[in-house]
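**Student:** So you can see what is in the structure, the chains are spelled out below.
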Amino acid sequence: MALGLWSAWLAVRSPAPVDTIALGAWQAWPNAGTSDADPYSRARQARTGEIPLGSGEGLMLLALTDDSDEPLVAACDYTITGQTPPARLWTLALENPDGHAIGMRDGAAALASDTLLRTADGSFAIALSQKPQGGNWISTEEAERFRVVIRLYDTTARTGTELTTLEMPSITRGSCA
Amino acid sequence: MIGLSLPRGWSVPRLPLGAIGAFAAGVLMAAGAIHIGAILLVPVYAREDGWSRLVPHAGEDRFTEVPVSAEGGVAGLDPLFVNAACRLNLGEAPAGITVDARDRFWSVALYDPNGAILFSLNDRTAIEGRLDMIVVSPAQNAELKRSPTPEIELTIVIESPSDDLIALLRLFAPTKTAQQDARRIMARAECLPAPSVMPAQVSGG
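Quick note, the sequences are listed as chains V and R, same order.
Numbers 1 to 177, taken from this note's numbering, label the letters of the first sequence in order.
Numbers 1 to 205, taken from this note's numbering, label the letters of the second sequence in order.
No lab work stands behind these hints: they were computed from the structure.
One or more of the hints may lead you astray.
Said to hold, decoys possible - Partial chain R-side listing against chain V, Cβ under 7 Å, derived:
| # | residue |
| --- | --- |
| 1 | Met29 |
| 2 | Ala31 |
| 3 | His35 |
| 4 | Gly50 |
| 5 | Asp78 |
| 6 | Phe105 |
Virtual Cβ for every residue (Gly too), placed ideally from N, Cα, C.
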């Protein structure tokens, strides 16, 4: 009894290891909310209360750790650098561990691709820090532990063949307080 | 049975091994059955699934805003969007959804009570930023196909196996000004029973 329940819990805990695509620190559940979703995905979704994006809307990618598998904590500074898969619009937001958006003094702890500062080759660097930084900066002062969500809107990244070749930005840890 | 064939010359107490093996196999099978049962039952008993979280915020016959802030907000929605939900009931009549927003990214998804997405689109699919959509039950759809009404011509028709749905409208609104605009778009968007799209009932039928 305990063994069965424990293994079931393992499979559907948030975020669940089943039906996942992993790209570095990033995870995606492209079948979430579709009729292709298997019983594990349905159970996981019911547990996490996630409201998935439809295939006509976009794709969500979640990072719980930095590139060296360390959990993301507000005591440390991070830099998110690189490129995202092609999408008409994307947003990057910080969430607390139960999935609620984290606020900043003047709005959400989030950035959108339309106002992002980029280098000449189209890549970007976003600083996550409690202290204000030049360039693209998201404050982590409201969070003790957090996770990073990238949502790609109107993207071709949902088609199966492309998912494994997606290029996602890296998350590197800087100095810690 | 695994583990019962031992090298020759081993003297093993007769009873325990067979009994232990049978016991272990029994435990594993029971655990497996409970595992499968638990996985299948989770969606049935979950109280905190996406659907249950949206229901309190979904408007009747109109879109109402779903809060995203940490206090009392709904988890898993994009904080740079104004999210609006409307509950559809196809029991009496088809439901009509109209959205008019030209200047931003927006999308609409239809969720069934299992949290599965029946249909979704973004503003690129809408004609000049305008979406006209009718959601029908299979019976209503059959009737419409038999005698199409002129109103249906320029409309996206979606057939839903479930009579109960939530439409979630997401409007990109990264600034305070954009949020005010988005709330105006939300207030103008329609989400209403649309009995007029159905062919007139033949009297006595």
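**Student:** Report holds or violated for the interface hint on Ala31(R), using the least CB-CB distance to chain V and a cut-off of 7 Å.
**Tutor:** holds (4 Å)
**Student:** Does the CB of Asp78(R) sit less than 7 Å away from some CB of chain V?
**Tutor:** holds (6 Å)
**Student:** Does Gly50(R) meet its interface restraint, that is, does its C-beta lie within less than 7 Å of any C-beta in chain V?
**Tutor:** holds (4 Å)
**Student:** Against chain V, with CB atoms and a cut of 7 Å, does the hint on Phe105(R) hold up?
**Tutor:** Because about 5 Å separates Phe105(R) from the closest Cβ in chain V, which is inside the 7 Å limit, the hint holds.
**Student:** Is the shortest C-beta separation between Met29(R) and chain V less than 7 Å?
**Tutor:** Cβ of Met29(R) sits 10 Å from chain V, so the hint is violated.
**Student:** Using Cβ atoms only, decide whether His35(R) comes closer than 7 Å to chain V, and label the hint accordingly.
**Tutor:** holds (4 Å)
Against the hints set out earlier in the document, a violation occurs for number 1 only.
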